[in-house]
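Engineer: Now for the letters of each chain:
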Amino acid sequence: MILRWLRCTLFIIVAIFLIGPIYSWAQDDKDQYEYIDISNPFLRKIPLAVPLFKTETGSQEAKNLATSTAELLASSLEFTGYFKLLDRGAFLFDPNKDGVLTPQINFANWTVIGAELLITGLFEEVGGNITMELRLFDTFKARRIIGKKYTGRKNDQRKMIHRFCSEVIKYLTGHRGVFGSKIAFVSTGSGNKEIYSCEFDGYNPQQVTRNQSISLFPAWSNDGRYLAYTSYKSGKPDLFIKDLAEMQETSISEKGLNITPAWVPGKFELAATLSFSGDQEIYLLTGSGKVIKRLTNIRGIDVSPTWSPDGKKFAFVSNRSGSPQVYIQDLASEKVRRLTFEGSYNTQPSWSPKGDKIAYASVVDGRRNIVVMDLNGEEALQLTHESGDNEAPSWSPDGSLIAFSSNREGPFRIYVMTAFGTDQRRLLVMTGEQTNPKWSMNDFNN
Amino acid sequence: MQKKKWIFLALLLVIPGLMFSVSCQKKLVDASPKPVTEPEPQPEPEKEEPPPPVVSKTPDVIMQEDIYFDFDKATLTPAAQDNLLRKAEWLRENSDVTVTIEGHCDARGTNEYNLALGDRRAESAKAFLVDLGIAASRITTISYGEERPVCTQQDEECWAKNRRDNFVVN
Numbered sequence: 001m002i003l004r005w006l007r008c009t010l011f012i013i014v015a016i017f018l019i020g021p022i023y024s025w026a027q028d029d030k031d032q033y034e035y036i037d038i039s040n041p042f043l044r045k046i047p048l049a050v051p052l053f054k055t056e057t058g059s060q061e062a063k064n065l066a067t068s069t070a071e072l073l074a075s076s077l078e079f080t081g082y083f084k085l086l087d088r089g090a091f092l093f094d095p096n097k098d099g100v101l102t103p104q105i106n107f108a109n110w111t112v113i114g115a116e117l118l119i120t121g122l123f124e125e126v127g128g129n130i131t132m133e134l135r136l137f138d139t140f141k142a143r144r145i146i147g148k149k150y151t152g153r154k155n156d157q158r159k160m161i162h163r164f165c166s167e168v169i170k171y172l173t174g175h176r177g178v179f180g181s182k183i184a185f186v187s188t189g190s191g192n193k194e195i196y197s198c199e200f201d202g203y204n205p206q207q208v209t210r211n212q213s214i215s216l217f218p219a220w221s222n223d224g225r226y227l228a229y230t231s232y233k234s235g236k237p238d239l240f241i242k243d244l245a246e247m248q249e250t251s252i253s254e255k256g257l258n259i260t261p262a263w264v265p266g267k268f269e270l271a272a273t274l275s276f277s278g279d280q281e282i283y284l285l286t287g288s289g290k291v292i293k294r295l296t297n298i299r300g301i302d303v304s305p306t307w308s309p310d311g312k313k314f315a316f317v318s319n320r321s322g323s324p325q326v327y328i329q330d331l332a333s334e335k336v337r338r339l340t341f342e343g344s345y346n347t348q349p350s351w352s353p354k355g356d357k358i359a360y361a362s363v364v365d366g367r368r369n370i371v372v373m374d375l376n377g378e379e380a381l382q383l384t385h386e387s388g389d390n391e392a393p394s395w396s397p398d399g400s401l402i403a404f405s406s407n408r409e410g411p412f413r414i415y416v417m418t419a420f421g422t423d424q425r426r427l428l429v430m431t432g433e434q435t436n437p438k439w440s441m442n443d444f445n446n
Numbered sequence: 001m002q003k004k005k006w007i008f009l010a011l012l013l014v015i016p017g018l019m020f021s022v023s024c025q026k027k028l029v030d031a032s033p034k035p036v037t038e039p040e041p042q043p044e045p046e047k048e049e050p051p052p053p054v055v056s057k058t059p060d061v062i063m064q065e066d067i068y069f070d071f072d073k074a075t076l077t078p079a080a081q082d083n084l085l086r087k088a089e090w091l092r093e094n095s096d097v098t099v100t101i102e103g104h105c106d107a108r109g110t111n112e113y114n115l116a117l118g119d120r121r122a123e124s125a126k127a128f129l130v131d132l133g134i135a136a137s138r139i140t141t142i143s144y145g146e147e148r149p150v151c152t153q154q155d156e157e158c159w160a161k162n163r164r165d166n167f168v169v170n
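As given, the protein sequences belong to chains D and U, one line each in that order.
The opening residue of the first sequence carries number 1 in the numbering used here; numbering runs sequentially from there.
The opening residue of the second sequence carries number 1 in the numbering used here; numbering runs sequentially from there.
Please note: incorrect hints may appear among the correct ones.
[Claimed, not checked] Derived pair list, reagent style DMTMM-like, types lysine to aspartate or glutamate, alpha-carbon separation capped at 25 Å:
(1) D:K312 x D:D223
(2) D:K236 x U:E65
(3) D:K255 x U:E157
(4) U:K73 x D:D238
Read the hints as simulated data drawn from the structure, not as lab findings.
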């Protein structure tokens, strides 16, 4: 009886969780997937118009700020790869004269130049504070989809714009996008390999470690507060967990290797490769660096764990079959299966946030290239071709983009592409070489 | 007085040890786990016979020599084994020194896996030396993966130089 009652309750709870969000989405945004089908590899880019913002106050400084804000909005949305930004020169619109509210907009002026979506902005600067009203319109349906007002300090400009971008992308795809995320990476700019981090679009790179040694393999905790990485700063490859809020560090310095950390989704635990036993094995550790248990147990190299989004499985690299290949292990049953069979060097797996794919670097004809594989191991899609070496793929938190490292222009730098391999572009320009990118979670999920 | 006795005893042990080293070499090479290397070792030790006296004259040179590995392999080649035999001789003679073995890789792989591979390369040299009677406590290992190349060109000659164990006498 009790069991049946429990089962019944559980069913209802699960049902509420499942149906709840769907129901509320359906109410809010009846037709959101009409715009972007993110599972479609031959995605058509939506023509989007972002005219300059209308400013009420007249100072030149305010006008300049309004212009840079509109530019930022356009470039941030373009970064997603979903849109084709239309040339402002073709617009039949003057922000000084024409209105930006629904009744004032002549939608025919936008549909005639091919714009399907339009974003208008009303911008005001008063005493160092900025206020903006941003509106997204469907030009063919001649209606407003989103309207938001933001107020903040001048230097909150990026945050405000990215909050709105997040709203736009959520409406169009059902996901919040990448606008609240960061990318950590390794750079040799200072003369040593140190860990850096920048915003999702390469903005504002900051040096995170000053170890004056080799530092490698950054890994963000779920909440972005901790950064785990490997460093030789004590003379050997140890693992460090840096609390970015408190600027404190704990270390894991077992004999031998302490490398390739990967946080367990939703937990303050991580997997990493340690070799104190004499063999390179993957262990589960607490966030404070204590060994919980050994996860792999076979002679040979086991390295580079990456977790499924539900934290129940992890993929990793093992040479148990004689060459480095990607394997998947179930945490509870410890059952292992081999994922990659093509080629003799498949490493650096990265599990997609949606859980359905694993990206990895594969040596193809002597060059490293990025391949995305379905979990059944049947559909392998090579995303980079004939452009130097391409390695260390890392998914964006919404699964729409992949960051990676490439030497296609000489030195290794960080690049970004869509999950289907389109729109490959360099993320940032810095001195030295940049490798090992790792994308954080999105902190705009609230 | 006591010390002299010990030195004398040690010499008594070391000199016959040196004399038997040729036969020792053959046995150890034969005992290596790789069947692929079977035909090679027999002619090689004969060629290597002259070096031992040289070894004892210029010991540091022996320790400065790197040993090399095949791509994606941590197993010791016959040449690496011969080199390690000579290193063992020197380590026996200089029983007060400790050594750090650094495992390195070429840049063709990826750096996570290469760190693990470098670890195995350093450990396989250590295991070989321990089998030859060098105390494990005298040998530490560290992997640098592909982080410290001696050669940065992208060709096989250069990659081969980077796939190495480097021995640092402390």
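Engineer: With reference to the structure, classify each hint as holding or not holding.
Structural biologist: Hint-by-hint comparison with the structure:
1. D:K312 x D:D223: Satisfied, since the Cα-Cα distance of roughly 19 Å is no more than 25 Å.
2. D:K236 x U:E65: Holds, at about 22 Å.
3. D:K255 x U:E157: Violated, because 33 Å separates the two Cα atoms, which is more than 25 Å.
4. U:K73 x D:D238: Distance of about 24 Å is within 25 Å: holds.
In the structure shown, a violation is registered for the earlier hint numbered 3 alone.
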